[in-house]
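Order-wise, the sequence lines are chains A, B and C.
Residue numbering for the first sequence follows my numbering, starting at 1 and increasing by one per position.
Residue numbering for the second sequence follows my numbering, starting at 1001 and increasing by one per position.
Residue numbering for the third sequence follows my numbering, starting at 2001 and increasing by one per position.
Everything labelled a hint here was simulated from the structure, so no lab data went into it.
Certain hints may be false.
With a cut-off of at most 30 Å between alpha-carbon atoms, the simulated DSS-like pairs for lysine-lysine come out as follows [to be verified]:
no.	chain 1	residue 1	chain 2	residue 2
1	B	K1121	C	K2395
2	C	K2087	B	K1121
3	C	K2379	A	K324
4	B	K1121	C	K2213
5	C	K2303	C	K2175
6	A	K324	C	K2213
7	C	K2169	B	K1121
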Amino acid sequence: MAINASALVPCGQFKTSYRKDTTIFPTPVARNFAIAAVLLLCLLPLRFGEFELLGRYELNLLIQIGYYGIAALGLNILVGFTGQISLGHAAFFGFGAFASAWLNNSWGVPVFWAIPLAGLLTTLVGLLFGIPAARIKGLYLAIATFAAQFILEDFFARADWFTGGSAGSLAGGFSLFGYDVDGDRGYFYVVLAYVVVMFLLGTNLLRSRDGRAFIAVRDHYLSAEVMGINLTKYRVLSFGVSAFYAGIGGALFGHYLGYVSSEAFTILLSIQFLGMIIIGGMGSVMGTLLGTAFMVLLPEVTQALVSTARDFVPGADESLAFIKQAAIGLAIVLFLIFEPDGLAHRWKMIKAYWKLYPFSY
Amino acid sequence: MNTTLLVQLVINGLIIGTLYGVVAMCFVLIYKSTQIVNFAQGEFLLIGAWVCWWLLTDFQLPFWLGFPITLLFMLAFGVLLQIVVLRPMIGEPIISVIMVTIGLSIFFQAMMKWIFGVWAKPYPRVFAAQSVNIFGLNVQTPYIMSMVISLIIMAGFAWFFKFSRLGLAMRATAFNQQVAQSLGISVKMVFAMAWAISAMVSALAGVVVGMVNGVSSALSFFGIKVFPVVILGGLDSIVGAILGGLIIGVLENLAEFVDGQYLNWGNLYTVAPFYALIIILMIRPYGLFGTKQIERV
Amino acid sequence: MRSVLFATAAAVAVLAAGAASAADKIKIGHLADYTGATSDVGKPYGQGVADALAYLNAQGGIAGGPVEFETIDYSYKAPDAIATYKKWVDAGVVAIQGWGTADTEALVPMVSKDQIPYFSASYSGHLTDPAGKGTHGSKPAPYNFFYGPSYSDACRALVQWAAADAKAKNIAQPKFVHMGDNHPYPNAPKAACAEYAKEQGFQVLEPIQYSLKPGDFKAQCLSLKESGANYAFLANTGGSTISLLKSCETVGVDTQFMGNVWGMDENAMKAAGAAADGMVFVVGAADWKSDAPGMKLVRDISKVSDASGSAYRPVHYMRGICSVYYMKDAMEAAAKAGGVTGPNIKSAMEAMREHVPAGLDGVCIPSTWTPEDHRGTTKVFIYQASVQADAQEIKKIGEADIPRKPEWLGW
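The following block holds chain A by itself, in its conformation from the complex:
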């Protein structure tokens, strides 16, 4: 894939040093596009009197893509870049949400600080759960994290002091310099800021020594070890990093909703996270966002389709939740069969097609 990507670098781009080969964005044009995109996103929630660019519904979807995207990037670092498998990502996501609410409710930590602190707490938990990962891998790791998901779910429903037990707990609203960020229009910027920071951090991490070590562990762990990479350290570290992202995403989710309960962090969410990175493209930062957007929009599209074809779908109204769930399962299976490299790959193909259009041969 790497060869494929470099073949698409436009003319006039000559790299004269290794440093230039590992910039965050492959070309200055790509960087300018990214900056423009962020600026454009900043404009979206604005409202001019009666006229608004985006309604609350669309804004809500964008916020969802934001916090899920952060957590999915963490999972992609673990699965796509380090080659470990985790079926318990939702539990870390939940831990971040609970931790942030707990810090805020029980210790009076302002939400502004509670979110990053929750991320750090989740990192500790991730490191702890990563220790088994140093011993087992592949299939066995998948099953171990699968079990961990159920154990943590049970813990969430039981630990009254921390999570409020099965009743859940309320999470305070975000405030900045004494100004309450109320409503979606304000919170959008909070999530956007976190997305930009976390994604930049992620891409930077991946071009550092540690990031390359992750990839080496994934590609051939024996060779990596021979080259002097401490396997245990990097496997555990990868869990820690992934948990940090999940924790931040979860905390953002908790304070957005204002309420956290163990019911939100089931195995289905873990599967959805994996679905996001598979559909987006494993080992692709850009793909993570695409996959998250796909996974967030899929139920909405399904719903729209079902309600337009309501007369032809038996039980359309009272089985909508099942139809949405079936769509998620089907999407994962179909992507794995027909587009195992995900949307990131498809996006590259499209770009390549238009780059050479109409002389594609």
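Take the given structure of chain A and dock chains B and C to it, following the hints.
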């Protein structure tokens, strides 16, 4: 210490454990011959039980007719699933293979809920006598039947792998695909048959559970419980699956005993197998009877 | 999650409302569980609410115009309920017909802040204390209302029945046990009812936990059997209770089961078969076969979703209708008092004394709400399921009037 309760719970554990054993055997069969971890094993039970229920109630078929039709359906279903979905997965990384079966699992689960609903529906009565008394524990006839049927299936599996042509072919394929192929074994056929047999036997287990508890979405939970069982027994060991099933069945019920009598946490019954799973993975990841993987550089 | 079904009967609405524009329509949110852990009882109740609202719209609406209502299925996931609530607040909803305990209790501070009357299908005792004066640490829930006896009062009524039953059967010190999932809904009456059972001379055993989802509960049933409990209070909904009853029948438990208001109905009785025979449970309104005068209106409402009029409606359906009609009466009173706003609806509700909505005599139990006490009714109907070879029926075996003790407020 309440001995009667303990004894009854252990018996209950053994009965449910044989069912776990049967489902685990089906799981191991697929893993052994195709190297695929099937997260959708529980849905096989679910589909089988619902199809049979549907034939028996909506079409009013007698059991001796409805049940074989269910098995035929599962045969076709297993083969089709293997050809359409799993064959393209050969040679893909583990994560893809796992996710395909997980995707199938949530897809089938949702479809079954959509078609048949979530809640328990009673099976038409098949056996004349309702329940039999063993050591003071009332056990419903279908449960005794399930135990007997499970034992028969287990014996059948043993015979199948030791003496039948297809069984030998499967073992050969599991041992070394290329060698098997060069000996004239159709690996494609073997793969398809592994899925088909696994689906049929799982459906049988599903029907048995359905007769006792009623059919409901809870059947798919067997597919999750199967993981502690196979990890304990060893992913590729049929004997291990049976023993693992019995041990996990008893362990669950012992957890209920400890919980109910001393701890009063309330939920140990459901999570205990998962704690066991993690502990086994830490100590002995290849399980009691599994093949230890040795890596050579 | 946008607009699952904006179920305004559009054509009818336009005819009846004349020129009323969409802006001054009363907006009502309807939260239902059609696919989650309580969907077995969520469907009939939700249908009752939806039918009643659609019927009211066809009859000219509430307070002079048709209402706009949206039904959303949240699969019994509290976080989804909160997300839906926030969406409704933005859309300018004035009142909500809600569902479960977890979500209703989580929403209490939010609905109080936003001043949106919330008519829940959760009858948790914690919601009955509008001023926060209860002696058991309840938090104020000024905007929460529900129609029916609270879970705690219902359980107390069953304990009363059990005490009388034990006396008749000469059981010296009967044993009582609470069974249910570790979830706010089954937990709601746990402490209050255990306390009352103790007062009534019961020996109260450690609660036994069983999931809200269907499953195999033989292990729990064996524990129950060995504990020697005479009376078991089942705090889950009917769906999982079916599985429990079947499992307990298998292992030969002879405990007398008592279900709460959502714990048993005609559907569950049919599915559980002989295992449900003799089970006692609480009902909060007339049942479908009743000949009360108000049943005429109920049958008319039922025709909204069943034109043939042949459908049998489980007991929960009637409570859904009652809940809507109390809300309707309060809205109409509020309209007279200056406008259909949250605070006006609240004070109209709190002015009701032994109130029965017009046309529903004998269906809804007369209810009273005051600014200090949101226990609408403390009267509890006790029914028993009877399952013989081919005749299944539910019949009323008693009524209990639980005193409105101040120390039980919000508990």
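Each hint, compared with the structure:
1. B:K1121 x C:K2395: holds, 23 Å
2. C:K2087 x B:K1121: violated, 37 Å
3. C:K2379 x A:K324: violated, 42 Å
4. B:K1121 x C:K2213: holds, 14 Å
5. C:K2303 x C:K2175: violated, 45 Å
6. A:K324 x C:K2213: holds, 20 Å
7. C:K2169 x B:K1121: At roughly 34 Å apart (the allowed maximum being 30 Å), K1121 of chain B and K2169 of chain C break the hint.
Hints 2, 3, 5 and 7 from the list above are not met by this structure, while the remaining hints are.
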